[in-house]
Every structure is written in C-alpha cells, then in structure tokens.
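On the provided structure of chain A, position chain B as indicated by the hints.
From first to last, the protein sequence lines stand for chains A and B. Going by my numbering, the first sequence opens with residue 1, and the numbers climb by one from there. Going by my numbering, the second sequence opens with residue 1, and the numbers climb by one from there.
These are computed hints drawn from the structure, not numbers from a lab. One should not assume that every hint holds.
Chain A is faced by these chain B residues, among others (derived, beta-carbon under 10 angstroms) [stated by the list, open to error]:
{"id": "1", "residue": "Ala32"}
{"id": "2", "residue": "Gln35"}
{"id": "3", "residue": "Ala78"}
{"id": "4", "residue": "Ala100"}
{"id": "5", "residue": "Asp207"}
{"id": "6", "residue": "Glu318"}
{"id": "7", "residue": "Leu328"}
{"id": "8", "residue": "Asp344"}
{"id": "9", "residue": "Gly346"}
Examples of chain A residues lying across from chain B (beta carbon under 8 angstroms, computed) [what the hints assert, rightly or not]:
{"id": "10", "residue": "Ile4"}
{"id": "11", "residue": "Gln35"}
{"id": "12", "residue": "Phe79"}
{"id": "13", "residue": "Gln86"}
{"id": "14", "residue": "Arg103"}
{"id": "15", "residue": "Val347"}
All C-beta atoms in this analysis are idealised placements derived from N, C-alpha and C, irrespective of residue type, glycine included.
2 protein chains.
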Amino acid sequence: MSRIDLQTAIDSIRPVDSAKLAAVQQRIDSQAKPQGALGRLEEFARRFVAITGRDEIRAKRVFTFAGDHGVTEEGVSAFPREVTPQMVFNFLEGGASINALARQVGAAVNVVDMGVDHEFAPAEGLILRKVGRGTANFAKGPAMSRADAVRSLEVGIEMAALCREQGVDLAGTGDMGIGNTTPSAAIAACMTGHTVAEVTFRGTGIDDAALVNKIRVIETGLALNAPDPKDPVDVLAKIGGFEIGGIAGLVLGCAAFGIPVVVDGFISTAGALIASELHPNVRDYIFAAHQSVEIGHGAMLAKIGQRPILDLDMRLGEGTGGALAMGLIEAALRALREVKTFDDAGVTPGSEQ
Amino acid sequence: MSRIDLQTAIDSIRPVDSAKLAAVQQRIDSQAKPQGALGRLEEFARRFVAITGRDEIRAKRVFTFAGDHGVTEEGVSAFPREVTPQMVFNFLEGGASINALARQVGAAVNVVDMGVDHEFAPAEGLILRKVGRGTANFAKGPAMSRADAVRSLEVGIEMAALCREQGVDLAGTGDMGIGNTTPSAAIAACMTGHTVAEVTFRGTGIDDAALVNKIRVIETGLALNAPDPKDPVDVLAKIGGFEIGGIAGLVLGCAAFGIPVVVDGFISTAGALIASELHPNVRDYIFAAHQSVEIGHGAMLAKIGQRPILDLDMRLGEGTGGALAMGLIEAALRALREVKTFDDAGVTPGSEQ
Numbered sequence: 001m002s003r004i005d006l007q008t009a010i011d012s013i014r015p016v017d018s019a020k021l022a023a024v025q026q027r028i029d030s031q032a033k034p035q036g037a038l039g040r041l042e043e044f045a046r047r048f049v050a051i052t053g054r055d056e057i058r059a060k061r062v063f064t065f066a067g068d069h070g071v072t073e074e075g076v077s078a079f080p081r082e083v084t085p086q087m088v089f090n091f092l093e094g095g096a097s098i099n100a101l102a103r104q105v106g107a108a109v110n111v112v113d114m115g116v117d118h119e120f121a122p123a124e125g126l127i128l129r130k131v132g133r134g135t136a137n138f139a140k141g142p143a144m145s146r147a148d149a150v151r152s153l154e155v156g157i158e159m160a161a162l163c164r165e166q167g168v169d170l171a172g173t174g175d176m177g178i179g180n181t182t183p184s185a186a187i188a189a190c191m192t193g194h195t196v197a198e199v200t201f202r203g204t205g206i207d208d209a210a211l212v213n214k215i216r217v218i219e220t221g222l223a224l225n226a227p228d229p230k231d232p233v234d235v236l237a238k239i240g241g242f243e244i245g246g247i248a249g250l251v252l253g254c255a256a257f258g259i260p261v262v263v264d265g266f267i268s269t270a271g272a273l274i275a276s277e278l279h280p281n282v283r284d285y286i287f288a289a290h291q292s293v294e295i296g297h298g299a300m301l302a303k304i305g306q307r308p309i310l311d312l313d314m315r316l317g318e319g320t321g322g323a324l325a326m327g328l329i330e331a332a333l334r335a336l337r338e339v340k341t342f343d344d345a346g347v348t349p350g351s352e353q
Numbered sequence: 001m002s003r004i005d006l007q008t009a010i011d012s013i014r015p016v017d018s019a020k021l022a023a024v025q026q027r028i029d030s031q032a033k034p035q036g037a038l039g040r041l042e043e044f045a046r047r048f049v050a051i052t053g054r055d056e057i058r059a060k061r062v063f064t065f066a067g068d069h070g071v072t073e074e075g076v077s078a079f080p081r082e083v084t085p086q087m088v089f090n091f092l093e094g095g096a097s098i099n100a101l102a103r104q105v106g107a108a109v110n111v112v113d114m115g116v117d118h119e120f121a122p123a124e125g126l127i128l129r130k131v132g133r134g135t136a137n138f139a140k141g142p143a144m145s146r147a148d149a150v151r152s153l154e155v156g157i158e159m160a161a162l163c164r165e166q167g168v169d170l171a172g173t174g175d176m177g178i179g180n181t182t183p184s185a186a187i188a189a190c191m192t193g194h195t196v197a198e199v200t201f202r203g204t205g206i207d208d209a210a211l212v213n214k215i216r217v218i219e220t221g222l223a224l225n226a227p228d229p230k231d232p233v234d235v236l237a238k239i240g241g242f243e244i245g246g247i248a249g250l251v252l253g254c255a256a257f258g259i260p261v262v263v264d265g266f267i268s269t270a271g272a273l274i275a276s277e278l279h280p281n282v283r284d285y286i287f288a289a290h291q292s293v294e295i296g297h298g299a300m301l302a303k304i305g306q307r308p309i310l311d312l313d314m315r316l317g318e319g320t321g322g323a324l325a326m327g328l329i330e331a332a333l334r335a336l337r338e339v340k341t342f343d344d345a346g347v348t349p350g351s352e353q
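Next up, chain A with everything else stripped away, as it sits in the complex:
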C-alpha cells in the first residue's frame, strides 16, 4: 500500500458536493412517507451517498488505535497501565465490547498498535505501526516530537488508504489507552478555549480527589508546553497521544479519499478535532457517533459542528458507540434503497408534498 504524506492528504480534501446532496434528498422526497419524516436518517443517507456515490455499504471497519501515555505516572486513571496491552489481547481474541458490538452490525475490527508499551507478535487483525512505547509525560515536557506527531497522523492516513483499496465504505474510529481521557481533555481545553475544569471528567471512573489531581496535571501540562491551538500538529505533539494521532489521521484520510467516517466518543473526537482544524472540510465526512458522558465532549463536537447520533450515557471508547451508529447509518441506506415511491406504491401524496 502506498504511503501518503500528511500534506498530500490535506491538499486532496474537497467539500461534499451540494448538488449530489440535493439529488439524494430529491430521491428521498419521492418516497411514500411525509417529507422529512425519517429525520436524521435522511441526513445520514444523503451524506453517505453524496460522499461515496453508493447507496449500499460493501464493508465496514472499526480501527481501534492503541497507545500508552506517560502522564499515567501522575495517577490520572483508575486502571493500571498494563491494561492497555491486556485489552489489545482481548480485542484480538474477540472478547471485548467493541468486538461484540461490531459483530452485531457486521463490522470488522482492526487494532492498530500506535504506541503501546509492549512488543506484540504479529497477529490476525493487529496492525503494527508503533511510533513509540508510550508518550512522554506531558506534565513534564512534550508528549512526543513533532516528527512523531506527523508519523502518527500518517499511520491513520494509511488506514484510510487501506479502506479505499479494500472496498471499506464506512470507517469507524476507536481507541484504547489507559490514561487517554487526560490528553483528550487537554486537547479539548486547548482547542475550544474552555477551562480545563470545564472539559475534564472521570474517565474510567476516578474519584473526586483524583479528578482534582487530573485537572491540575492538565493545567500544568498546558502551561508548561504552551501548545498553539492554531497549529493542530503542535497540539498533538505537545499534549496528545499516539492513538489520538492515528485517529486524527484516519479521519483526515477518510476526508481525503471520500470515505464517511464514524467518530466514536471523547478520545476519538479529540482526534477528529485535530483533523478538522487541519482542513475545514474534514467535518463534512464525519458522523459523530454518540454523546459521551465525558463533560468535555460537547464542546469539541460543537467546534466540529456535528451533532451526535446517539446519546446512551456511554463512556467506554474502543469504538463501541461508533459500531452502534454504523448500524443506524446502514438502516438509513436500506430505507433509501427499499422504500417505494408514491407512484410505485400507489399512495396519494399529501398536500404538503
């Protein structure tokens, strides 16, 4: 598979064609139902078809990017760091939540090792692209070099290219990385202008004292590194994570190659925000899967300009919300394909048609 560099991907991003969007809506409006009555399902179908030129999904794939975080030494997570590789093994064995939910909607799962602090042997479903064995502690310096930030973005772009080559018409983002709500909240604060306290929450389940500490750690990291919110690669390098870079690259690459991408929850949205700030039209390719319980999520979604599809009080990551949203996008496409027109069904149009 050909390696595509970051700038080439950015330069190839185009807006979604508004004439194509209108043509799909016209097709929907000929169907025997009150106009607009399928609500957001119509939006999903419209965007998917305008982006891909298809009204059916050949294959769906969730990429669960995994990485470790130096900032875990500050006590920001309820889980120990060794859980990152343990969960990677669980993904590969098909025993995690993302596996169950992806099976439910018929999506494949690929795990991408972006920077787990463990050396994995090759395994089916595992894509080895380690940029480093965990980031550095961003409370004491930059999480990674700018070169590594670009490298992690380019791994994500490569995954989008893989989708294009293999006929994957709908990609999903996912994450695994103990401690990764901390860099995600740092990105949220840096890029939305909210205070750290406004965008920082309990992650996998820390208590009040740990939450106070987590906020302080993020404030320290932001003050120390002074990431430039106008330079998304700088933000990723100073306070990000390898898996967040992979997610950002996948989202960017999907926009570059015309592939709709379902963005999971809080961590994935931090990645999607970096991608969206690298090119404004990236957001047109994003389907925001769900509203996370993490309090900083809404501010990032607002900046991206996408409304979440689901709101089920989830806060798991892995790509779980994305898998569920894929099922709804697929339902929208089935309605587009299979609902008869007023003419074909012999139904009298209403006065508002």
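Leaving out everything else, chain B in the frame of chain A:
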C-alpha cells in the same frame, strides 16, 4: 389462540423482579470494562433479561395497528383518508419504511386491521380484527363505544398472547391511520394536564392555519366528550382510535405475559400511556423507542417514566423508531453474552471495580 379479557390481563401484571435486575447487573459488572461504561445498553440488557429470563432474542415482531378516524372530516391532516388502506397495501408488499427498517434488524411485521375504512381480503402478514370502519368524529361525539374500546384493547392483548405462543421475545408497536396525531394529542392533553396547544403539532406536515384548526378541533372534542383521565378506557372511547386501543392492549398484554415491548413514537406512546394508567407496573415492560418531533410526546413519556432510546428527529410512525431501537436492545444483549469477564480476559480490574 385463547382470548384473554382485559381484566384478566390487568390482574396478571407483576412488577419486574428487582433481585433479577440486580443479578444481571452483577454479571455485567464482572465484564472487562469500566463499571457502567456501556451506559443505557446495560439498562436494556438488565431489563430484558429480568423480564424474560433469556439473554437472547428468539424472534422480534412489530405490530402495525391500522385504523381510520372520523375526525379527518375536520381537515386535521395533510393526507387524504384513502392513504390509510393504501399504506396497508404498501406494508403488505414490503415497500414501506417500517418494512425496510424491520428487515434491517431482522424483525417481522404484522399489520393489524383495527378499523380501516376498507374491507381487506385475507393476506399474509395481515391480521383482520376490524372493530369498525373508522371511528366517529370526536369533535361531534364519542369516537367509539366503551364496548368497542374494550374490544380494541383485547385485540392488542391477543397479539401479546400470540407473541408468547410463538416465541416472540421482543414486541414492537406501530401505527397507521391518517389523522391519528389528533386523537393522540387529545389523549396527551387529557391525561397529562397540559393544554391542547402545548401537545399538538403538525403530524404529517400541516401548515400554520391547519394547526390552529387542529387545536380548536381537539379543544372542542375534549369539551364535548369530557373524558375522565382517571378512567383510561373512557379516554380511549371518547377521544381515541381503534389502532390506539390495539397498541394499548399490546403494551398491556406484554406486561401481563412478561414480554418487553418497544413503544414507537407519538401515537404509540398515547396507547402506551393508556396501558400504563390501567396498571402502574406496565411501564416497567416498556422500552421507549425514540423522541418524536411531535411536541406532545415528551409529556406523555414523562408520565410513563421512560426515557427515549433514540432522538433522530423522526415523525413517521408505522413502528419505524421501534425497529431501530430493537437493534440497539439486541446489541446490548450481545454485549452481555459475548464480552469476557476480567478473569477470562486476563485484564486487571481498576481501582473502582
């Protein structure tokens, strides 16, 4: 199949066993993920298993109850009355939105003729239980007799009995009836205490003038018939509809026979509210599929005490929101069955576990 009368069904309703709910949650909490991180999926799994004793759905079925409404002569709908039988034929041919969405989630669709103003020949998937050829115009008198209200409820109960006999573990409600947001809004106003203007909206797409007229028609009907909100059968008889009675009966029957029931949108929720007021434990068996665009929906859901699963700006009826919600409930059960425990997955539990 044995006919069950209304009082027998009401008398057999029991609360969902709280010990069973707790046992399912304990099973969920042993799975390798942060506690509670699957949010409402955990609630869906907990309730489904506690109600049915199963963790897998053998069969799902949507019942789309159809009926006509005398009140359409007041000009309350954007569609002409003949669309009700036309859409029934569309359902039977598999060309409507509910057919497409039910196929997507693997649910069967049965159409129940409760009171369409058309004589149907027998057809596969069609259940003929006509109570009358459309209700009377409730702006000029009661919509139906009390005996017919009981009869329509008992048809719904019979459908729940059918589910029990045929191994249908998850039932869904649906509706078809031109004009039926009008009786539904009337029921909402009568049973929630809101004003008619607060719960009445555009249905399939009426304009401002028609909306003003619709509100006036409902106010006239409520003043004329004076339905007793403490007597749900009286409410159904005075201002309801045959298909709304069928829905109410299905919901009540599902509670009686221990079958979880997915309640679709505005019209279905009017039926579910009647059922919930007939016995307080009915609500424990209800899964509220989605938040409709109809402004009176939220007030009825609040009275039932169930929070909608989806919020996708839908306003179609037929059972469409219910079909989508069935897919999410099934996903929740798959996660329950297939996600490994901390022990089995070799994952270290967090400090909050």
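So, going through the hints one by one against the coordinates:
no. : hint   : in the structure
1   : Ala32  : holds, 6 angstroms
2   : Gln35  : holds, 6 angstroms
3   : Ala78  : holds, 4 angstroms
4   : Ala100 : holds, 4 angstroms
5   : Asp207 : holds, 8 angstroms
6   : Glu318 : holds, 8 angstroms
7   : Leu328 : holds, 6 angstroms
8   : Asp344 : holds, 7 angstroms
9   : Gly346 : holds, 6 angstroms
10  : Ile4   : violated, 34 angstroms
11  : Gln35  : holds, 6 angstroms
12  : Phe79  : holds, 4 angstroms
13  : Gln86  : holds, 5 angstroms
14  : Arg103 : holds, 7 angstroms
15  : Val347 : holds, 5 angstroms
Checked against the numbered hints given earlier, this structure breaks only hint 10.
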